[in-house]
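Trainee: If you want the building blocks of each chain, they are given just below.
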Amino acid sequence: TLGRPPAVLVVPATIAAALLVLPLVALVLDTPWSTFLEQLGSEPVLEALRLTAVASGATVVACIVLGTPLAWLLARVDFRGRAILRAAVAVPLVLPPVVAGVALVTALGRNGLVGPLLRDGGITLPYTTGAVVIAHTFVSMPFYVLSVEGAMRSSGERFDVVAASLGATRWTTFRRVTLPLAMPGILAGSVLAWARSLGEFGATITFAGNYPGTTQTMPSLIYTTLQGDPALARTLSMILLLASVVILAALR
Amino acid sequence: TLGRPPAVLVVPATIAAALLVLPLVALVLDTPWSTFLEQLGSEPVLEALRLTAVASGATVVACIVLGTPLAWLLARVDFRGRAILRAAVAVPLVLPPVVAGVALVTALGRNGLVGPLLRDGGITLPYTTGAVVIAHTFVSMPFYVLSVEGAMRSSGERFDVVAASLGATRWTTFRRVTLPLAMPGILAGSVLAWARSLGEFGATITFAGNYPGTTQTMPSLIYTTLQGDPALARTLSMILLLASVVILAALR
Amino acid sequence: MATVTFKKAQRWFPGADKPTVPGIDLEIRDGELMVLVGPSGCGKSTTLRMLAGLEEVNEGKIFIGDKDVTDLPPKDRDIAMVFQNYALYPHMSVADNMGFALKMAKVSPEERKRRVAEAAEILGLTEFLDRKPKALSGGQRQRVAMGRAIVRSPQVFCMDEPLSNLDAKMRVHTRTDIAKLQADLGVTTVYVTHDQVEAMTMGDRVAVMKDGDLQQVDTPLNLYDKPVNLFVAGFIGSPQMNLIKATANNGQAQIGHYQVPVDPTAAKRMEGNITVGVRPESWRIVSAEDGGLPVKVTVVEELGSDGFVYGTSDVEGTPNHIIVRVAGRDTVHKGETIYVTTDPQNVHVFDTDTGARLSE
Amino acid sequence: MATVTFKKAQRWFPGADKPTVPGIDLEIRDGELMVLVGPSGCGKSTTLRMLAGLEEVNEGKIFIGDKDVTDLPPKDRDIAMVFQNYALYPHMSVADNMGFALKMAKVSPEERKRRVAEAAEILGLTEFLDRKPKALSGGQRQRVAMGRAIVRSPQVFCMDEPLSNLDAKMRVHTRTDIAKLQADLGVTTVYVTHDQVEAMTMGDRVAVMKDGDLQQVDTPLNLYDKPVNLFVAGFIGSPQMNLIKATANNGQAQIGHYQVPVDPTAAKRMEGNITVGVRPESWRIVSAEDGGLPVKVTVVEELGSDGFVYGTSDVEGTPNHIIVRVAGRDTVHKGETIYVTTDPQNVHVFDTDTGARLSE
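Chains as they are written, first to last, in my numbering: chain A, 1 to 252; chain B, 1 to 252; chain C, 1 to 360; chain D, 1 to 360.
What the hints contain is simulated information worked out from the structure, not anything from laboratory work.
Do not take every clue at face value.
Quick look at which bits of chain B chain A covers, simulated, 3 or more residues with Cβ under 8 angstroms [unchecked claim]: (1) 16-26; (2) 37-45; (3) 79-91; (4) 174-183; (5) 239-246.
Heads up, simulated DSS-like pairs for lysine-lysine below, C-alpha to C-alpha not over 25 angstroms straight-line [to be verified]: (6) D/Lys169 with C/Lys169; (7) C/Lys169 with D/Lys226; (8) D/Lys180 with C/Lys334; (9) C/Lys18 with C/Lys61; (10) D/Lys18 with D/Lys180; (11) C/Lys67 with C/Lys8; (12) C/Lys226 with D/Lys226; (13) C/Lys169 with C/Lys210; (14) C/Lys245 with C/Lys18; (15) D/Lys113 with D/Lys103; (16) C/Lys169 with D/Lys210; (17) D/Lys296 with D/Lys268; (18) D/Lys113 with D/Lys134; (19) C/Lys67 with C/Lys113; (20) C/Lys268 with C/Lys245; (21) D/Lys169 with C/Lys296; (22) C/Lys296 with D/Lys180; (23) C/Lys8 with C/Lys210; (24) D/Lys67 with D/Lys106; (25) C/Lys245 with D/Lys169; (26) D/Lys169 with C/Lys334; (27) D/Lys334 with C/Lys180; (28) C/Lys180 with D/Lys296; (29) C/Lys61 with C/Lys7; (30) C/Lys103 with C/Lys132; (31) D/Lys169 with C/Lys210; (32) D/Lys8 with D/Lys18; (33) C/Lys61 with C/Lys103; (34) C/Lys113 with C/Lys103; (35) C/Lys169 with D/Lys245; (36) C/Lys169 with D/Lys113; (37) D/Lys226 with D/Lys245; (38) C/Lys169 with D/Lys334.
Computed from a prediction, not measured in an experiment: that's the story for all the values here.
Glycine is no exception: its CB is placed at the ideal position from the N, C-alpha and C atoms.
Please construct the entire structure, taking both the sequences and the accompanying hints into account.
Mentor: What follows is the structure, given as structure tokens:
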């Protein structure tokens, strides 16, 4: 009831909306729906689907197991260097994925900082599925940690303080109070990490390569397929678009 | 003063922190600092730097000009389909970049939905710098719009209501009240959009390709360089890492 | 300056199963300060927002003076709003905040400056004109919000809980300031609050609302002395009026063995289940032999200026909580039983089922 | 149950340029309800948190009974906290919230159930035991928070503004409930609030704090009747005590032409610039000839039970704001000038420079 929106705002807003929505609509319209399921049956597609599922699943598990304690530490413990660590954790959020890949090669590659150490221990990472999981975890974990840390901060220390005043140890407080209260953040963070992992392309192709069966995830396969078989590329893209819509719905 | 943090939390937190920090440290240590400036002087590097600057600058301008009105519409005007439009705007946030590229090809490519229309109008997009800007805008604008919409919502409608009750038209209210109050969100959104644009790889290489001088931005160049000249790749990565750190600092 | 008239004005939010305000009829006089008061969700803010043009009016009409404003946008209604959170523009100085309406009206800069300075003088804000709102205290911000409204010289002020962001002491202070200012300016004002003390102290008249309906529109003292129903009786006054269930029998009201003195009008009208209301300050402590209502004391609150005795009166198995205001100090102690009574003119009798007042 | 003793307990936040609490000395008796009251930032909450073990004690000691708890973690102090926002666990039922401390203490489920049921009975929460906190009203949540503390049977309750999230009516109701419960249980309680009405009505004794220092520790009525300094005089009581600048001359206190009646002790001690304090209810209205203090009436507030007259008394160029409580109705009107005086025993005389009390 404040009056009609002025055209000088409505027109550019419409252009912006069109730019964002049109490509999605085009993808939905041009997907070869009649041969959709049939196309999914081929060996390289199945392999990429399986690998994507495994890598993103392992990434989410790694985020929960390692990222939850890190989020707790950042939210609840006052230690020297906390501000710096919090900033460092956020860096991969804005770091270009290709740069993340280069950094991973530099650290864990054959001639990297700790790569020779790993090799001496019998572990070779680059161009393996393990490399895919590490690349995904590196780029996805910051989303998870910031989401969980935010949830822990917003629920506030007062719940912990009450638990302490009622006789609970710090570990009991974490299990019985902090963790259940941060559950919405943990779920949201897991979905975000999963989404980031599902779409990972730059860091993976740089650090782990693009080998069918071991490191070729869905985005890499789509990239590879687009020149030769654009219809298949659209089918595969459609699957990830659907996953994205599901993810967005889950986040609400 | 709630007691010492338990080891069962500190140990996994340390592993997580190491995983996130180590690759960054490795990159900093292994960058060939002695030849840093010299390496930047080569023609392909300068071209990629120039192209990245132009594309990300144009992207930010496009976000501000088109995204601000869209954010206002989503935050302030109650129209049918607002919830759907808001969800659609968020899709590119979680959409894998490669899929974004495929969607752009499907819509604007030579044989795409509106590609022929554009060609009849004398515009060819794929594999041009224009395509790079459109790809960057598509993936960056959601960050901008959500940031500005959030700022406009959190400042709240009450400021607009007061302006209306004091005799201001809707357009005057937008200029004199809404826009200045949303300025922190506009700045943060611009920085986010710029960061996303700077690191864009998947959508660009899929939609616009990887041609030196027209579509080869920094991430594409780094990807191309890593196999042949890893030292140069690290130097270029280092530049983007520094940009990321600057971006993070700006966001605080 | 003008009257304000609501004619069966209705607001029904889309999708709600009943109207928030089913249809309000209210006439506010020129220059009057009318307070809308009620518990949260009673529709008082919605009513104010309809007047300001911020909520659609689904049925009925609203007039400011003789002008039908029902369908006018807010900017054309010649009103000024003051909000709970003030909504001062943080990017503008105090002077620019106060002059905003004049800028919108394309008043010349000199004239604007003059009128802002004038209002700042009245409100004691002259020395703060160049500051940003965040450099002010809560009370000062409140005054800037008032100033922004005053400078417009509107026909009607619309104030939505303008004191609720202030602390208790500041609130007491500011409510007298606003009441004085409004009286001096003589601008018709509609003031919304949930606080009955503000309503009592500020309003020329007070409109008590509940569930979207007006319960009583009257002067503060009439609301206090002659509440028309149980809701108004319980809502106005703090500590609240003692409301005790009783039975009427041949013009006698009985609470257990205690016979309540009632006025003749009530004696004639009352029947069956009634509720008897007595304000805490209307009780007198009497001796056991004088046949008062027995009250077992549970807590004694000494405020310095007054004391309040809280107790229970066990009648027919249902304990009634009784509050008695006492003047002296240290006269009543926890655990004692005291006997209280009152006089017919201080007893409010209500029908328990309809809630309607039966006393004169 | 135990005493609580602060011995020069200090809290200095890292990086602050002065201590928040420089060193507090306070003895709280076994079973006593001690209220810490003061404006925000006075260090009252910090003092409570030191007792609870949530803030480090930088110097000095704190004892609960004979036990030095200065360096014990909160879980080993045998205290229970009740917070302003309750901090009920939203993922647990009311019963699990209340039984949390017993679970931590590894009390058997049967015993736990019994003790929770017992506390729920006392607090009237029996029917809500299976609900989640979000399904409760504000007042019920407050009682669950109380119950969680009670079930622990601690030596000391620490309550940090437990009523400030309730609305005005609920607050009046709940404060008598808490005071009664505390008296029945007899558990030593430290209660922090910024609201002087809560302090007056609930405390066995009240400690008034300002800038980290105790100003006065006394019973509520002593604080009201004999405030030791200007701060306490202005802080306790609402509306606040009239504090008027005056000059002392040979045992006479003058405000303009008005000679203030003062008690002999004050008459002997006072000199130079003094401040005279009179509570609003201690004024008497007299006729002009009787030589009272002239007050020009600006606002009259009729609350129904009482009235307050706000006015200014123009003396030596500086207007003093004067508040007078009047009993009758409609006796004083805006714009009139009334004359007020009082009696020596109702006059508080303070040294204007040091703030110290000079009256008896």
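Trainee: For each hint, tell me whether it holds in the structure or not.
Mentor: Taking the hints in turn, this is what the structure says about them:
{"no.": "1", "hint": "16-26", "verdict": "holds (count 10)"}
{"no.": "2", "hint": "37-45", "verdict": "violated (count 0)"}
{"no.": "3", "hint": "79-91", "verdict": "holds (count 6)"}
{"no.": "4", "hint": "174-183", "verdict": "violated (count 1)"}
{"no.": "5", "hint": "239-246", "verdict": "holds (count 4)"}
{"no.": "6", "hint": "D/Lys169 with C/Lys169", "verdict": "holds (18 angstroms)"}
{"no.": "7", "hint": "C/Lys169 with D/Lys226", "verdict": "holds (21 angstroms)"}
{"no.": "8", "hint": "D/Lys180 with C/Lys334", "verdict": "holds (10 angstroms)"}
{"no.": "9", "hint": "C/Lys18 with C/Lys61", "verdict": "holds (19 angstroms)"}
{"no.": "10", "hint": "D/Lys18 with D/Lys180", "verdict": "violated (39 angstroms)"}
{"no.": "11", "hint": "C/Lys67 with C/Lys8", "verdict": "holds (16 angstroms)"}
{"no.": "12", "hint": "C/Lys226 with D/Lys226", "verdict": "violated (40 angstroms)"}
{"no.": "13", "hint": "C/Lys169 with C/Lys210", "verdict": "violated (28 angstroms)"}
{"no.": "14", "hint": "C/Lys245 with C/Lys18", "verdict": "violated (32 angstroms)"}
{"no.": "15", "hint": "D/Lys113 with D/Lys103", "verdict": "holds (10 angstroms)"}
{"no.": "16", "hint": "C/Lys169 with D/Lys210", "verdict": "holds (17 angstroms)"}
{"no.": "17", "hint": "D/Lys296 with D/Lys268", "verdict": "violated (32 angstroms)"}
{"no.": "18", "hint": "D/Lys113 with D/Lys134", "verdict": "holds (22 angstroms)"}
{"no.": "19", "hint": "C/Lys67 with C/Lys113", "verdict": "violated (31 angstroms)"}
{"no.": "20", "hint": "C/Lys268 with C/Lys245", "verdict": "holds (18 angstroms)"}
{"no.": "21", "hint": "D/Lys169 with C/Lys296", "verdict": "holds (22 angstroms)"}
{"no.": "22", "hint": "C/Lys296 with D/Lys180", "verdict": "holds (13 angstroms)"}
{"no.": "23", "hint": "C/Lys8 with C/Lys210", "verdict": "holds (16 angstroms)"}
{"no.": "24", "hint": "D/Lys67 with D/Lys106", "verdict": "holds (24 angstroms)"}
{"no.": "25", "hint": "C/Lys245 with D/Lys169", "verdict": "holds (21 angstroms)"}
{"no.": "26", "hint": "D/Lys169 with C/Lys334", "verdict": "holds (22 angstroms)"}
{"no.": "27", "hint": "D/Lys334 with C/Lys180", "verdict": "holds (10 angstroms)"}
{"no.": "28", "hint": "C/Lys180 with D/Lys296", "verdict": "holds (14 angstroms)"}
{"no.": "29", "hint": "C/Lys61 with C/Lys7", "verdict": "holds (5 angstroms)"}
{"no.": "30", "hint": "C/Lys103 with C/Lys132", "verdict": "holds (18 angstroms)"}
{"no.": "31", "hint": "D/Lys169 with C/Lys210", "verdict": "holds (17 angstroms)"}
{"no.": "32", "hint": "D/Lys8 with D/Lys18", "verdict": "holds (15 angstroms)"}
{"no.": "33", "hint": "C/Lys61 with C/Lys103", "verdict": "violated (31 angstroms)"}
{"no.": "34", "hint": "C/Lys113 with C/Lys103", "verdict": "holds (10 angstroms)"}
{"no.": "35", "hint": "C/Lys169 with D/Lys245", "verdict": "holds (21 angstroms)"}
{"no.": "36", "hint": "C/Lys169 with D/Lys113", "verdict": "violated (45 angstroms)"}
{"no.": "37", "hint": "D/Lys226 with D/Lys245", "verdict": "holds (19 angstroms)"}
{"no.": "38", "hint": "C/Lys169 with D/Lys334", "verdict": "holds (22 angstroms)"}
Hints 2, 4, 10, 12, 13, 14, 17, 19, 33, 36 from the list above are not met by this structure, while the remaining hints are.
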